[in-house]
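Sequences and hints are given; from them, build the entire structure.
From first to last, the protein sequence lines are chains A and B. So the mapping is simple: the numbering used here equals the position in the first sequence, first residue as 1, plus 764. So the mapping is simple: the numbering used here equals the position in the second sequence, first residue as 1, plus 3.
No wet-lab data here; the hints were simulated from the structure. Quantities reported herein were computed from a predicted structural model and do not represent experimental measurements. Hints are all accurate, no fakes.
Listed below are the simulated BS3-like cross-link pairs for lysine-lysine, each with C-alpha atoms no more than 25 Å apart in a straight line: (1) A/LYS813 x B/LYS223; (2) B/LYS790 x B/LYS286; (3) A/LYS813 x B/LYS227; (4) B/LYS636 x B/LYS598; (5) B/LYS556 x B/LYS544; (6) B/LYS289 x B/LYS301.
What the simulated footprint calls covered on chain A by chain B, stretch by stretch (three residues with Cβ under 8 Å from a Cβ of chain B suffice, anywhere in the stretch; the number is not a length): (7) 766-773; (8) 791-803; (9) 824-837.
Listed below are several chain A residues computed to face chain B (Cβ distance under 10 Å; list not exhaustive): (10) VAL806; (11) LEU807; (12) GLU808.
The C-beta atom is built at its ideal place from N, Cα and C for all residues, glycine as well.
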Amino acid sequence: MAIAGAVVIPVNDAAAAELAARLAKLPGLEVQGIGPRGIAVVLEAPQTKDLERLSEEVLAWEEVADFQLGYCNWE
Amino acid sequence: MNMTRRDVIKASAAAAALSLAGLPATVKAADDGIRYGRSQCRFCGTGCTVLAGVRNGRIVAVKGDADSPINFGRVCMKGYALPHILYGKDRLTRPMIRQADGSLKAVSWDEALDYVADRFVSLIKEHGVDSVAWYGSGQNTTQEAFAANKLFKGIIGTANVEGNPRLCMASAVGGYLNTFGADEPAGGYDDFEDCDCFFIIGSNMAENHPMLFRRVIDRKSAYKDKVRVIVADPRYTPSARYADLHLKFRPGYDMHLLNAMAHVIVTEGMVDEEHLAYCTFRKGLKTKGDFIDFAAFKQFLADYAPEKVADLVGVPAEDIRTAARWFGKNGVASMSIWCMGINQRTKGVHLNCQLHNLHLLTGKIGKPGSDSLSLTGQPNACGGTREQGGLTHLLPAHRAVANPKHRAEMAEIWGVKVEWLPTKPTGPAVNMFHRLAAGKVKAIWINTTNPGQSLPNLTPMRKAMRNAFTVVSDVYPTRTTELASVILPSAMWVEKEGVMGQTDRRSQFIPKLVEPPGEAKPDFWQIKEIARRIAKKLGRKTRYRVLDPMTGKVKEVREVYGLGFETEEEAWNEYRLATRGQDVDLWGATYAKLKAHSGGVTWPCPSTDFDNRGSAKRYISKSYAAKQFGFFKRPYKTGYVTLYDQHLEEKGLPGPINYYGHHPFHKGSEGKAIVRVLPAGLSYEMPDAAYPFVLNTGRVIEHWHSGTMTMRVPMLKQMNPAAYVEISPEDANRLGIANGGRVKLVSRRGEIVLPAWVTDRARPGMVFVPWFDETKLINLLTIDDPKSWSGAGEPDYKICAIKIAKA
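Structure (structure tokens):
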């Protein structure tokens, strides 16, 4: 089990709500809220490499400026 | 709260994410009808501010306080488990006295208190004041520690006052004193957000100070290419996994490593010549060695060129050079951060001084993002023990037992006769238990700590406690209560009120939010009641002065048997008076101010002005701070801290930098810090042919200290239920040990059998065992020989020699 907390930073603030909605559709990802410094998300996957894959996928989106990991637990 | 382990991990992840996004970190727990009170986490020395939720008289929820300048609303997995620590099924709820047949009999409080006081007084009368002792904790509130200090040093008159912080941060005190002449750091937590190079050594922050490590991650995440994280640790810990550079040095060879880094700094032009004007160079520790000049210091370091010591250290020379360059580069803000891997060592004081040396040489101190910051392991080790003076040689507020002026000052403040106070220290913690074993100390009151599990070389220590008159105040049955003559059931965390002080000179208020179970009582009340009884039997009255908390004027004088102060607030005010005018000035930390400000107050804080929350930086003047930071105050949501030293300002000491420590070590170097010239040495018991492995012990993320609290949280216990031995794949293969297989560990003092965890966390030649498991006492093997202690009397829990074999 791997669980991470992260913030997804949109390229511009106006895109945040739309981006949050798109993120919410990803399996294993929960949107916690939209704040002044980005979109708070929790990711859950069987292994950390799956989390990595998920974060890389998000980072590749055009409307995403950055993906910052704030917490990671793996066992 | 009925959360699964997965829920808690997800809540931790969510809290971190929300905080990063700039949102208040709230747990997704039902909070309808829950009343929250601001408190401080009960566990490590970070001091995370938490909001504890009360419903129907019970703590049912906890969340991080988003207003806190410490954790910004985040809480780690242990923090989320806080409500559960109160409600273990086996809480101690009645005083108990051991009977002749070894059984424990529940008695009334009066009977227990009278019994303890009678025994202590009869021993004092028959064998002298040094036949009794107090062994407290970095988990006592400051008021409890102050009360115990007043009872034992002020009224009874013995210096037999020690605490478990001796086992964890005494070397850090020695390091600060030897370097600056004054204890505790120059900077603090705010430096994390300005730091460019984190040099973390002897600390697995990711597991043991996770919320501070989150701040390292925050900084690194925000400035990926600019910020560097260096972790120096023989183990490949989660902290090391995160690092840009991991210096996996051979256990014991970090003195060589630090001198090698200093060598690179002085030979590659990274010395701050301007800052050197505020430093002197002296051989050895304390006042033993000669002062030398910078040229001689540079010559001394010639033997530590990275290429000369790389093989000894076990780290490539180029990695040592890289670390030194990242740390020392001009214009870069650097922090060194350390904990028990440095302190719990034979050379612990030396290592602390070497870390300070790196900052003094490069001038990376007293500036934004630069500081040498020793992390503490307990929530009030700094406040209750270091500042309050809860060790044998100390009196409150950085005063010394051996100093007649200090004794006179404390006698006046305590309202006792100066001739009652001890005139010299007795001995540090392990020595005190050695004297207990030898029958010189005959009675000991152990409060809020578990030496039956935590002392080194446990077999003789446990026997000593069993044979003596041992009083234990605690909240659960422990490996120490099983040795006790009397057990006093204590209130814990938000079942009582108090103040606690953390790593960066910070003090926070903990309110009482719920009632303790059964007849359990606050330790403050226990100390007060026993003090009343002992003082009366000794015929010693205290002249207690009730103070106006804002002006310090005496409102009333009480001549009483006992401590004088009746409430925690009265005790805090007397303590504030003791700090007034000292470098650890908390006069401005009124109860009202502490209650109002999330994250509390940082000393020196001489001003009672409500908004003034103290000083974020020490040793620098207002004008210097303005030059370095561009401003000299940092605002918080409530109040502000100054970026200059308010003590320096108040005393009118000259700036711009003034290392004003008035300790005797500083004679001949007033106003300056001392770069200590220290040839590299090793721990006392290094591996040899008979005992070829190094045993390293420590904590894990799920559990705290001896597990008394966290092992009663089902989720945390489930996550990490029992001790194990970390062993490297290389060693495991060589010895035929499989993952999960049984391994016998033998030292010169004891042996134990544990399951193996074969992992690349371990360095070949070294094994690691956590000490939280009361059923597997790893301290049966660790070393208590005085020759193995640091110069500050701290035992070496990180290096002793063992042999291992498949069991």
